[in-house]
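K.L.:
If you want the building blocks of each chain, they are given just below.
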Amino acid sequence: MSAVLPTGAAAPPVRPEYERPLAPWTGTAVERPLPWATRLWSQGWLRKGLILAVLALLWELLARWQDNDLLLPTFGATAQALAQGIASGELVGKTAISLSVLLKGYAAGVGLAFALTTLAVSTRIGRDLLGTLTSMFNPLPAIALLPLALLWFGLGQGSLVFVLIHSVLWPLALNTYAGFQGVPETLRMAGRNYGLTGLRYVLQILVPAALPAILSGLKIGWAFAWRTLIAAELVFGASSGRGGLGWYIFQNRNELYTDRVFAGLALVVLIGLAVESLGFATLERVTVRRWGQQR
Amino acid sequence: MTTATATAALRTAPPFASVAASAAAAVPVAAAGPAPLLQVEGVSLEYRTPERVVRATHRVSFDVHAAERFVLLGPSGCGKSTLLKAVAGFIPPVEGEVRLDGRAVRGPGPDRIVVFQEFDQLPPWKTVKQNVMFPLLASRSLGRREAEARALHWLDRVGLAKFADVHPHQLSGGMKQRVAIARALAMQPRVLLMDEPFAALDALTRRRMQEELLALWDEVRFTLLFVTHSIEEALVVGSRIALLSPHPGRMRAEINSHAFDLASLGSDAFQATAQRIHRLLFEHEGATQ
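In order, the protein sequence lines correspond to chains A and B.
Residue numbering for the first sequence follows my numbering, starting at 3 and increasing by one per position.
Residue numbering for the second sequence follows my numbering, starting at 1356 and increasing by one per position.
These aren't lab readings, by the way, just hints derived from the structure by calculation.
Heads up, a few of these hints could be off.
Computed list of lysine-lysine pairs in DSBU-like fashion (alpha-carbon distance at most 35 angstroms, straight line) [to be verified]: (1) B/1481 to A/221; (2) A/106 to B/1481; (3) A/50 to A/106; (4) A/50 to B/1481.
Cβ pair distances, simulated, as ranges [stated by the list, open to error]: (5) B/1495 to A/98: 31 to 39 angstroms; (6) A/297 to B/1498: 32 to 40 angstroms; (7) A/49 to B/1520: 25 to 33 angstroms; (8) B/1459 to A/276: 55 to 63 angstroms.
Take a look, some chain B residues computed to stay more than 10 angstroms from chain A by CB distance [as the list claims (entries may be wrong)]: (9) 1390; (10) 1394; (11) 1454.
A virtual CB, placed ideally from N, CA and C, is assigned to each residue, including glycine.
The whole structure should be built from the sequences, with the hints applied where relevant.
P.N.:
Written out as structure tokens, the structure is:
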């Protein structure tokens, strides 16, 4: 060691050893509670609610300063229109129509995506099929298929469900497959070690292990589906005389009820927020977060 | 340590002691000995890279008897982990055969449970208890109620009864390996396969885990096939050590180590055997390079 020391440096002194008996710990408590303000601020809903309140305030101020109800109604007027729409049952009915179509398309898309990815993890030709189809159809906007869908399925729910499936299937299949591929080799071998094969293997090992990716795919798919639906309804909402939210927005724009247009848009946003923070956030909390797969 | 030294005498019993020895049904030791539980006969293994086929092991043969602690020891590249995976049934041999109880191994199965080195072998979505129950339920060997009782029993054995309802990400590395060992032993496999199970642990934890594994073996007398690259660990954990040479893996020697345990670390005989193993493993490098 002395060779490593710079020349002229003295060898370190040899110091006495010591041992000391440890008395039982009697000092302050090892754990102590956080102050209430810190605990309150760590609540996600409070922070997000604050952001929403600030945005609403900015909107109100901007609208008042701009002072033109036709272009930008105030937050208050929009809230009032929303409340009226809900009270009269008109918005509720429209939302119910939109949501029922949405859920049909979403469920069908999720089912197809699962079938396609299961095929892709079990066979090589399935993998090639998924890869080719997603790279072909994922960049294709669902709305671009609407004229074709109208031709094939007519002016009913069928065409809407078709474009919804298209908008959900590819991003979800892509995410799910990426998730399946990211499952650690050790975990796969452990599953096979216990005799799991086929669908049981996919359901008991791959799906839970890939759940973070699957959940993000479900979220993206949900957002795509919602977007596609509203846009499709704006183009041709009055499917067999029963239009959804998009039709409501379109109709009121034509009649220059801008506050109702905003109310419809606000409802789209609110439903999105609710699904995200109640549905997906809850799902994440009881699964991937609890399992430590996601922070 | 007192229990460890008291049971050291037991551990030095000949490796023929049957699994049933704990059930007081001692099998008389014949001169030729009983047939080996696990036979690896002339096994060559290859793996494929995009450019070439690489031979990992070449005509490796060894026998493992019931209640033996058989260690595969060798430098990296000797194919010891690949060999263990072949015994587990994940990799089919290109020649030769792996036989368990005289029957050829055709694929992975719950009669050969593997404890891996990586901590992610525990599904993170299952609690500790569910993890131990998982193979019992997946292989349909027990009903839910019995599986739960057995899982709790084994968690108690490895000292994790308190953590039964905790998810794996809240455990330390050593605790995760304990869960994996409990999970493997709860299955009561014919052979327990361990692939460098303590390599990712810190030195102090590793030593405790070796001690606990030996204590468990003293109680249960399971058959163990253990892969390691540490000479010291091989001598402590194993009752018989197979030395493999690298590129491709071939059998170099089989050495008895049933006389050593953690208490004999540093003793002259231990040092001498370690030196001998070191010489057997590395003398070729000097000759060829």
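K.L.:
Determine for every hint whether it applies to the structure shown.
P.N.:
Do the hints match the structure? See the list:
1. For the hint linking residue 1481 of chain B to residue 221 of chain A, the alpha-carbon distance of about 24 angstroms falls within 35 angstroms, and the restraint holds.
2. With a C-alpha separation of about 32 angstroms, the suggested pairing of residue 106 of chain A with residue 1481 of chain B holds against the 35 angstroms cut-off.
3. A hinted pair counts as satisfied when its Cα atoms are at most 35 angstroms apart, and residue 50 of chain A with residue 106 of chain A qualifies at roughly 30 angstroms.
4. At most 35 angstroms may separate the alpha-carbon atoms for a hinted pair to count; residue 50 of chain A and residue 1481 of chain B meet this at roughly 31 angstroms.
5. A beta carbon spacing of about 45 angstroms between residue 1495 of chain B and residue 98 of chain A contradicts the range 31 to 39 angstroms that was offered as a hint.
6. Between residue 297 of chain A and residue 1498 of chain B the C-beta distance comes to about 37 angstroms, which sits within the given range of 32 to 40 angstroms.
7. For residue 49 of chain A and residue 1520 of chain B, the Cβ-Cβ distance of about 31 angstroms falls inside the hinted range of 25 to 33 angstroms, so the restraint holds.
8. Taken as a hint, the range 55 to 63 angstroms holds for the pair residue 1459 of chain B and residue 276 of chain A, whose Cβ atoms sit roughly 59 angstroms apart.
9. The beta carbon of residue 1390 of chain B is kept farther than 10 angstroms from every beta carbon of chain A, the shortest such distance being approximately 25 angstroms.
10. The non-interface label for residue 1394 of chain B is consistent with chain A: the shortest C-beta to C-beta separation is roughly 20 angstroms, beyond 10 angstroms.
11. The Cβ of residue 1454 of chain B lies farther than 10 angstroms from every Cβ of chain A, with a closest approach of about 19 angstroms, so its non-interface assignment holds.
Violation of the numbered hints given earlier is confined to hint 5; every other hint is satisfied by the structure.
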